[in-house]
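J.: Take a look at the letters that make up each chain.
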Amino acid sequence: MTTGRSEQLEALAAAYEAGGGHAATLFDRSSASLSVSGNAVIGSNEIPGVHIEGTALPNGVRAIITVDPGAVVPRPVHLCFGVVPEEGVQEIVSEYRIGDGARVAFVAHCTFPNALRVRHVMNARMHIGKRAEMTYSETHFHGDRGGAEVLPALKVFLDEGGVLKNEFRLTRGTVGRLQAEYDAEVGRDAVCEFYAKVYGKMEDRIVVRESIFLNGENARGLAKSRIVSSDRCQSEVIGEVVGNAPFSRGHIDCVEILKGAHARASAVPRLVVVDDRAKLTHEAAIGSVDKKQVETLMARGLGEDEAVDVVVRGMLR
Amino acid sequence: MLRLENVSLELGGKRILHDLNFETRPGEIHSILGANGTGKSTLASVILGLGGYRDIGGRILFHGEDITALGVSERAQRGITMAWQEPARFEGLSVGEYLAIGRRGARGDAPDPAECLLKVGLAPASYLARAVDATLSGGERKRIELASLLSMAPKLAILDEPDSGIDALSIDCVVEVIRTFSRNGTTVLLITHHEEVAEIADRASSLCGGTVLKTGDPVAVARFFRNHCQECLHVNVPQLGGLE
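In order, the protein sequences belong to chains A and B. By the working numbering, the letter at position 94 of the first sequence is numbered 94, and the numbering carries on one by one without gaps. By the working numbering, the letter at position 156 of the second sequence is numbered 156, and the numbering carries on one by one without gaps.
These are calculated hints, taken from the structure and not from any lab test. Ideal Cβ placement from N, Cα and C applies to all residues, glycine included.
Below are the PhoX-like pairs computed for lysine-lysine, each with C-alpha atoms no more than 25 Å apart in a straight line:
1) A:197 to A:224
2) A:155 to A:130
3) A:292 to B:14
4) A:155 to A:279
5) A:291 to B:14
6) A:197 to A:259
7) B:119 to B:155
8) A:292 to B:155
9) A:291 to A:259
Now the in silico label distances, taken between C-beta atoms and shown as ranges:
10) B:193 to A:304: 29 to 35 Å
11) A:305 to B:130: 23 to 29 Å
12) A:5 to B:86: 55 to 61 Å
Starting from the given sequences, assemble the full structure and let the hints guide the process.
T.: Structure (structure tokens):
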């Protein structure tokens, strides 16, 4: 069993590297970490202030990560979820409990490098306590075969003065099918920022839905999406901000770039003002790469394709 | 060096440039003066070869080579570039990276990005890592555009109103940068509304109704522009029904 886990950890570490992660962080005892392959917890490390419980489910893992009130976690907590074989199902049910006044950053990698028929379902809940700050950066790598189906769903609760910056990134390899659903309930003086950066290719299908409910006075929300669709990829971004409280402020910022004649994209912003002292705004741009940006780079000597690539790669950083 | 022969351009059925003849000399600063709508920026776009400005009558020669059919990249690779009046912004691209792009095809003695920023009055430590995006002010962005051209060390730099949107105190810095281009052997085509900036040139041309009316000493051309063109009725352009 120990040998099996060791081999799994090695395979997962290799997949983690393939997905852009630094595998050494998974073995660093001074950082909290959790590594899950399929439905097995193959590595877990706690540090003072950070508690990790991982239990196996029939098709995945339930993880509860607790950060003590007032804890300032000096290094990012590393999470690695992977399915190394070509086929498989992985369901992650996770809960993040960030205590009042705590400060913590998570770096998560979800890697399915050989995916031909891999289904990854993530149901996450984050509870961010009063004046706590959390950043959560999740990078996906699904290989080059377009065989992943990834369904992340996140529900966030921010108490008074809490701050969350959440980033989802899938810019290398193919996407397969992605349906990301994010919801946040934002309390008084709290701040929620959702960022999504995805590069779709071939037959990829991308749906990103972000909803932010500004429930407390002076709550702030931002949903920012940057999607590139090439080949025959189709993408849709649905952004929603609801201003339920006085002096709450929300903004949706969506840019979708189409490369090629057969890609498709749509954006649906929805702003709902319930309290007339709330202020909500949105901006969206869909189309080809900005001509002036491309011409400027061409005037520095780049060819057109390279200029487009520089613009796109910059946007997805 | 750069020579435009009988260049004409129609856009949307309207003739924008009329049999325009124009020439620059190696290493000179050549100002183009003209009121709004006289074709200055169009002329810049034609020389650079931007899309929509390539289907011209006449021809463009650069160092004796006919470049009329070449695109923007090919012209840039031959040493022609431009600083836009309102430069593009790039999300996720740092100032250092932006300057390095121009430097790739530059001569070996081209200054590095930090030097270029210093020359335009920006501290490298504060700017090299910043994104070339909307967080920069208009004035900062224009200076970075000039730095980008310095890093490219081009043979011909078209500067489209580098002095617009720049605070008065910074005009001297822009003028010094323009002189730096010339000192480094770059020919500068300087498009400006400001006579005092135009007068730093070695020569100047006055543009009206899409054609060059007068070329010569910059002070004389600026005086001509002030007396004849600022309240322009195209009285000097026979093609438009005016008097010569």
